[in-house]
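*Asks:* Protein chains in written order, with the working numbering: chain V, 1 to 289; chain U, 1001 to 1362.
One or more hints might be untrue.
Stated by the list, open to error - One side of the interface only, derived from the structure: several residues of chain U facing chain V at Cβ under 7 Å:
1. L1024
2. T1069
3. S1184
To be verified - Estimated spans, in silico, between C-beta atoms of each pair:
4. U:Q1025 to V:K188: 49 to 57 Å
5. U:W1080 to V:L57: 45 to 53 Å
6. V:E39 to U:F1117: 34 to 42 Å
7. U:V1329 to V:E26: 28 to 36 Å
Derived from the structure by calculation, the hints contain no laboratory data.
Being a predicted model, the structure only gives us computed values, none of them experimental.
We put the CB at the ideal spot given by N, CA and C, even for glycine.
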Amino acid sequence: MKSKGILLQIGPFVVRLDTSIKTVVESVYSLYSDYIFYEDVPSLFIDFYIRIDRPNLYRGYLRSQVQCYIDGNTPFKPLPYEQAFPFFEWGLNWVIASHVHYYLLVHAAVVEKNGDVLILCGKPGAGKSTLCAALASRGWRLFSDEMAVIDLKTNELIPCVRPISLKNQAIDIISEFSPSSIFGLSYKDTAKGTLSHMKPKKEWIEKADIRAVSKWVVFPQYKPDSATTLNSVAKGETVIELAKNSFNYNFLGAQGFNSLCALVDRSDCYRFEYSDLGEAIDTFDKLSS
Amino acid sequence: MAITQTPLLVLALINPEIILDLTLQQWDLLVRQARRSGVLARFGYILKRNDLIDKVPQQALKHINSAQTYAEQIAISLTWEVECIQKAFVKLELPLVFLKGTAYAVANNFSGAGRVFSDVDILVPENRIAEVESALNFSGWKASFVDAYDQRFYREWMHEIPPMQHIQRHTSIDVHHNILPKISRYCPDSSLLLLNAVKVSEQNSWVLAPEDRVIHSATHLFHEGEFDHGFRDLSDLDLLIKEFSTEEGWWDKLLQRAIELNQQVPLYYALRYTTLILKTPVPREVLDDCKLWYPNGIQRKIMDWLFCRALMPNHSSCEDSWTGFARWVLYIRSHWIKMPVRILAPHLCRKGWLRLTEQEDY
């Protein structure tokens, strides 16, 4: 099978994607069109190699499945062929979470305004991606909708801008909230329901080198018909909760603990309950003014 | 050797100085070969020992550091795990003998630095298995779920009981009473191994004597059916041999011991392929002596053809179009030499059926 290598700078990582699947190539060229693409030259060091292809004749054609190869390794079970592009996104999440122990990684959405970072950390379904996409379409700069990448020496957050992955109702909510936003294809019946990716803005990608320090750590929870409330959380509790949501805190020992403490120490920490997206944005705009 | 180009990782382990002349693209390949074969952290420690770590470009160094961070955390958890097993063993009045990766770490061997593995292996006398099992049960390890067939497979034929898992830490322990299946033709007398075991200073841990540690490593690798970690295990042998062979009388002791334990063929393979692939320093006469254990020249050529492919780093850049076939042949061979046909044939049929019907993973 002939496949064409696509070499991309994604946040601090150089990633190579190989695929012979047309929809994957098209999705990458449309959602990642503003990223830096490289030529394969001897002076280039590629961090991660991902290949998306049909696994073999039987699984690939008869059962119409697709497999994600991480430099030849297959840590996942094959998925339905239609989910080829999301598989690349999930594969990239996996490879970063499993191999990047030179940064502290926390499962959280990260946005920035006026040099101050807001970390939104919550369980899947808590509405963190929705809130993140809404903030990002109202003047906040996106760092990541999926993981906070933290420099262990300076405790700064490192932008790792990727297409924002929105699920189920969040897709309609955001396209209504921000009609100018661009979406990729919709993928139905994934493990997370219906999924669509929102294209990141060019200015976020251009500012990928500009790091910032955290000012707020927020645990959002979307609750239908609830009032907008913002309540302080103790710093100790915040550290523990961030540690629980970290991909690699366990491997970083004292380094991870110190980094997390320093980050929380300089941040105001809140629990946030909301149902109205407009009010939610106002709350954070007020915090930052 | 039929493979035309020696992989970068192999060259770098033979002579770490070659890293001084690599382009970033070559570094990228070297890191991938090392990562996929499970020796990235180890490679970092080797560069450090050779005062070369400062010469590694930043892009590659961060991946090496990352692998070492991970390996160091595994080592810390292992220390704790070892302590827990020691506690469980207190009342048994039985030396706690660690095998393989755990042994290298406990004995502080070069091969232990940066080596990542998932379960702890121990060796106990067969007539004490029931006591050991209940002592471990008492301290929170439980038998993993295996069906009646697998129970019988382990209990009657194998050299270990079904793996046990700790209910809180989810760590696993493999309790062995020998280093080869009971039904294998080459199964040694394991009391010889236990008699010769050495205590690790200031610890309540024991490991096999150096020559037995090398032999077990060889026996394990050359009875292995899956080669995901083949290259790492070959590198274990290379490091163990380099570490121990400085001792006076080492080679005689090693060869003598292989005869006592009935492991001449695995040791022949170990010395043959560490010298052939990793250029491990082994005296000419020792290699010649070993050859006498494996006299058939044609068979030697066939095994060279198979192992020189199967033992390469587990990365697409280190394979030729025959590698998959070689690994498949060795997979069949591993069963062939571990079990008599009357047991092997029904066993493979059963496994094949389970895979075909997708009740078991590839």
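*Asks:* Each hint needs a verdict: does it hold in this structure or not?
*Replies:* Now for the hints, and whether the structure bears them out:
no.: 1; hint: L1024; verdict: holds, 4 Å
no.: 2; hint: T1069; verdict: holds, 4 Å
no.: 3; hint: S1184; verdict: violated, 31 Å
no.: 4; hint: U:Q1025 to V:K188: 49 to 57 Å; verdict: violated, 40 Å
no.: 5; hint: U:W1080 to V:L57: 45 to 53 Å; verdict: holds, 47 Å
no.: 6; hint: V:E39 to U:F1117: 34 to 42 Å; verdict: holds, 40 Å
no.: 7; hint: U:V1329 to V:E26: 28 to 36 Å; verdict: violated, 42 Å
In this structure, the earlier hints numbered 3, 4 and 7 are contradicted, and the remaining ones agree with it.
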